[in-house]
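Chains as they are written, first to last, in UniProt numbering: chain A, 1 to 419; chain B, 1 to 1044.
These are calculated hints, taken from the structure and not from any lab test. Don't be surprised by glycine CBs; every beta carbon is placed ideally from N, CA and C. Among the hints, a few may not be true.
[What the hints assert, rightly or not] From the derived model, a few chain A residues whose C-beta atoms are all more than 12 Å from chain B:
1. P76
2. K103
3. S329
[To be verified] Calculated cross-link-like contacts (lysine-lysine; reagent style DSS-like; alpha-carbon spacing at most 25 Å):
4. K92/B x K21/A
5. K636/B x K21/A
6. K407/A x K379/A
7. K103/A x K636/B
8. K131/A x K79/B
9. K636/B x K298/A
10. K131/A x K298/A
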Amino acid sequence: MINSLFLINPSGEIFLEKHWKSVVSRSVCDYFLEAKEKALEPEDVPPVIHTPHHYLISIYRDKLFFLSVIQTEVPPLFVIEFLHRVAEMIQDYFGECSETVVKDHMVMVYELLEEMLDNGFPLATESNVLKEMIRPPTILRSVVNTLTGTSNVGDTLLTGQLSTIPWRRAGVRYTNNEAYFDVVEEIDAILDQSGTTVFAEIQGVVEACVKLSGMPDLTLSFMNPRLLDDVSFHPCVRYKLWESERVLSFIPPDGNFTLMTYHVNAQNLVAIPVYVKQSISFFECGSDGRLDVTVGPKQTMGKTVEGVMVTVHLPKTILSINLTATQGSYTYDNGTKVTTLWDIGKLNPQKLPNLRGSLSLQAGAPKPEENPSLNIDLKIQQLAISGLKVNRLDMFGEKYKPFKGVKYITKAGKFQVRT
Amino acid sequence: SVFLLILSNVSSNYLLFSHDLVGSNCAAVLGLCGLLNSSTCSDLFLLSTRNDDLKEMLESNKDSLKLDAMKRIIALIAKGKNASELFPAVVKNVASKNIELKKLVYVYLVRYAEEQQDLALLSISTFQRALKDPNQLIRASALRVLSSIRVPIIVPIMMLAIKEAASDMSPYVRKTSAHAIQKLYSLDPDQKEHLIEVIDKLLKDKSTLVAGSVVMAFEEVCPDRIDLIHKNYRKLCNLLVDVEEWGQVVIITMLTRYARTQFTSPWKEDGLFDENSETAFYESDEKKTKNGDEKKSYMMDPDHRLLLRNTKPLLQSRNTAVVVSVAQLYWHLAPKHEVGVITKSLVRLLRSHREVQYVVLQNIATMSIQRKGMFEPYMKSFYVRSTDATHIKSLKLEILTSLANEANISTILREFQTYVKSQDKQFAAGTIQAIGRCATNISEVTDTCLQGLVLLLSNRDETVVAESVVVIKKLLQTQPTQHSDIIKHMAKLFDNIAVPMARASILWLMGEYCERVPQIAPDVLRKMAKSFTSEEDIVKLQTVNLAAKLYLTNSKQTKLLTQYILNLGKYDQNYDIRDRTRFIRQLIVPNEKSGALGKYARRILLAPKPAPVLESTYKDRDRYQLGTLSHTINTKASGYLELSDWPAVAPDQSVRNVEVIEPTGKSKLSKSSDDKFYSDSGEEKEKGSGSSSSDDSSSSSSSSSEESSSEAESDEEKSSSQSSEESDKSSSLSEKSSSESDSEQKKTTKKPPQKKTVKPTTKDSACPLVCGPGERLHGFVSKQVPVSLSLYSLCILTPCPLSCAAALLQVSGPAFVPEKRHDLLHRMTGKGLSAQYQFPRQPCLYQPTMVSVQISLTNTTDHPLEQIHIGDRGPTGLDMHCFNTVECLLPEASVTVSLGVDFNDSTQAANFQLCTKEDQFSVSIQPAVGELFLPATMTEQDFRKEQGKLLGMNESSATITMAAENTTRQPISRQVATVANLGVVPSGQDNIHRFAGKTASSGAVVLVTVELRESSAALITINTEKSVMGPMLLRDLKRALARA
């Protein structure tokens, strides 16, 4: 299965390598680096590369390349999924996944990788099990460690891996027992020039933060489970009960986890919370253009739209821009991609934010063919745009009374306005 | 030795190292040193001075110093630096007491053992000792490291360790041994035969922990030994849901291959469900009549169905690899009309990471070529965003093109119009090709597309123009008759087009259709003659072609021009062009030397040429199994295992039958075939879980044959005799659970003598005592009082108002709720409405004398069913509380309703009619006697007192031989609770177990005593005034307790 893993930074430097079978020379990465050179953006590097003796499967995430070396047939998604788990594990342990973090915790990352695979086949990928074997660093613990000489490696014998509920460790204790659920919905949409919806759908995810003692058995039910068209679950959810009764019944992992993701029935019309009026034009003669963008609330169910941001990917031939925003501020980046980021903040229905001004093109450059598309980012608190509502949460198996909370957020996913 | 001393000063590290290697053999040391030239010597020197402090730290007495040193060494390894020279110093610490230090040493050892084989051997004894450790985790990690040391000498030791670990008590150690098999195999392939033995043994393992790893080993070592799978096939299918996700992927891939060798194709028959509907329908009809029965009699092997059914829930997995592996399984194994279930899940994955999208889109691209209909409803999910990566964009484009048909083409073309304007010119060019493909595939839009492409010719970007020209050329070729104006237009644009490929294409078009544009073609040739020398090679070649063709059709105007061009070509730098020129000249210009070919010049040059077929690059990808690496890279990857074609005749299916134990106490029951059907399944079930809930099924069916109306029986018969498909579905989850509990209780199970082979069909009525890891807990949840005030808890706490004898009886919650479901209405009988019922063992909300029954209704049709309600109750006149009318049940939707039935304390079936708006179906609910009770709690004294009142006629008893494992409290309580809804009475004596309850309807007390005697004999006594129920309950209990 997975032979080796290399971590590579955007400039092409290999800063960590781990081999699970015989050592593969790092020169194998040259094929990858070559492909990386060819690609305009790091995202464009093909995920699967075929070299004479090896197959290279890589992911690009958090500005790092995770490159694995494969020698024989294996489902590519198997490897890709695993690489993402590695990234998630690093994120989970150290708070973020970046080159500096990995370099700072080189030994621990290496040990974790050792535990995650055996002979290239996944052994322990549940963060709960890993955390029992190798404890994540905390400031307090590092102080204690230096004073007492104890270590981060678990010396108690772990049980998680052996139980039938590998995602939860035994003997969890909290003084405050609490369970929080965030229902986060993202609107994916493509709007065309006139503001008509070309495509829109709602994807949701229920993120949970459960800190309960013992072995709680939770049941979460929705007011309107009919809305959910397609779902995928954390392994802890009992699929059968969902099939028969449309409730989520599970023994939760300890801490943060994604309980389920769902897709909202496509027949339901998707409410688009904002509208965008824009005109971007380039004059036929002369090297000039105008940009005028206005954002306003549309179907917001009476809630305030916050965190509105508009990203405009301008043509590469733009030399400079001169814009004024009535609200918020804009930044302009003239690097490999020419982008303008307009950070609006809260939408005020009485006074609509507007960004306008002139664009100047490089002298002699032809008038751009396509107008740039706008990417919208927004957030609405206390609203699940699909109307999904959690009905109740019941706990069995433990005697105490937990504190329960549900939060709803709607965000823009891949929300694009064509111009 | 003086020399040695000097050397040791220079490079103490190196010396120590070689010292260990060759002992005190001076000559060898000298020889080695001699080999080193000065530069490597100094390298070594540098390294060793740098690492000297590390070595010192490792040799110190303090663990903390050693630990620091090890951490620095591991960091070196992680960075890819060489730390092998520290091997001797590190390996000394292998037996350290400090766990963290030890772990790091292991990590180091695994990395360098291969390079330092002799030194590595020093550590082996430590691991051998650890292999005997009482702690399973230490045993496992010792085996893990031992097998990771790639030193050939220790192969025999590894082999021995693997064999031992394969029969270890702990499943975790067995899992490790499965991993070790692969490592040993790659180290020494000669061990194959021995390893296969171990694999065979581990395949029989019932632990979910082992399953994935051993199948992985199977795939690496002996993927062709399909015979090893037969006996384990059903077990693997049933365990699948509970295996960890990575193992699931491996098992599913293996089972796909297995199924293709063992089952016959499910595809022949459902030609009528196929895409290209009508014609196929009639054809297959005709064929059918010709081939006679053979085709019509296709019945899916129940094992085949089992696999499909048990993998389906995994489509909801969060692991994308699992989802795709199930998708490919359905694609390769399921009947065509069932493949649709994978669509939604695949589309869902498009929200995932970019790399996942890439692989999933590739698979969809291959699928969408064969089956457009699958993804057409989700067409919009494949719309391209400007932020997508290039390879994602082109894949989406590919899929959109494949999905295009007459109905949606206008939408797709409108979308394509946006893409053509994209700033990513590569992508824009791809879109133009896609438009070309749509235009050829769908003749209605060919003209529109052509017009659109012609407009693009005036685009400012030359890649776009070039691509348009090339595509137009191909399109015109397919229908050259009426497009001379387009050719003219292109000739006009010719001067402005600079891309060689586009220029060449236009020239070719001119030549090919020169007779349609007689005015223009010579003029173009004239222009070309002017610029010939500065053109690209490909353009020059086409110019020569054009000249030749014109010369043949219009020699009057072009003779001189042609000769001029041929002369230019004759002296061109490129030999290809010189060559072509020479050839053309000989072919077209008649002279004495020209041979016979000259006559045919016209036919050679102006032959009608077949139109190019514009088709997808994914067209032939389906030769590879979907989801594989080979499919992604479109070449056969090493180690790729071919998916075989379906066999024409299925191999013997009995090879998958497993020997199953049958209890001694059986036999009397099976009277009718119907009976047998159910009781079989009961036993199958029993084998593992020791469940007695399954006894419900056997008792219910047996009692139905004795007492119930014929209607009920025929109904049951119907449902069972119909294709097992549907009923299978109902119990899919329960099966998984039964096997799960298999593994759990393996150790406690002893096998009674009688054996019997069980067919998989009988699993229909298997019922869950225990479910997957999660479900199991849920089963017992109801014992505990829920924290939040649920409706149930309210009822449980309400004391039962009636019954005299039960005055002192406190009704308690059920000790156990069997999840067994019974078929109420089969979907075939119910015209698409299917219903199943189960006993939730909760006090009835509507009336305390009723038994509550939960019915789940499922609509399997494609239209909503309206007004589902209960109609006429029939003559038996049992009192029932109906559920509220279900106004509308959408397709594929299920709803669970509850019902209260007063059975009057008899096992008489409740017959009634289940009605929809249009139809009425007669159904019946047949309770097992154990379901007619409510559990009660009482003290031992009260129990005795009650028992004293119920002697003589009210007492029925029997002596039985208990199954060996049923001799302790827990199994007995479990068995009894599964058979009957009774509560446990605390007992002072260890050998007497008491259970109490009351009948639901009249509230009569029911007391059960199980008294253990010597040599596993036991006396079961039942005291109740219900003289019919007593013996019936006794019979059920006897059966449950007498066997495994």
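Legend entry - Ascending list of hint numbers which this structure does not respect: Violated hints: 1, 2, 7, 9, 10; rest satisfied.
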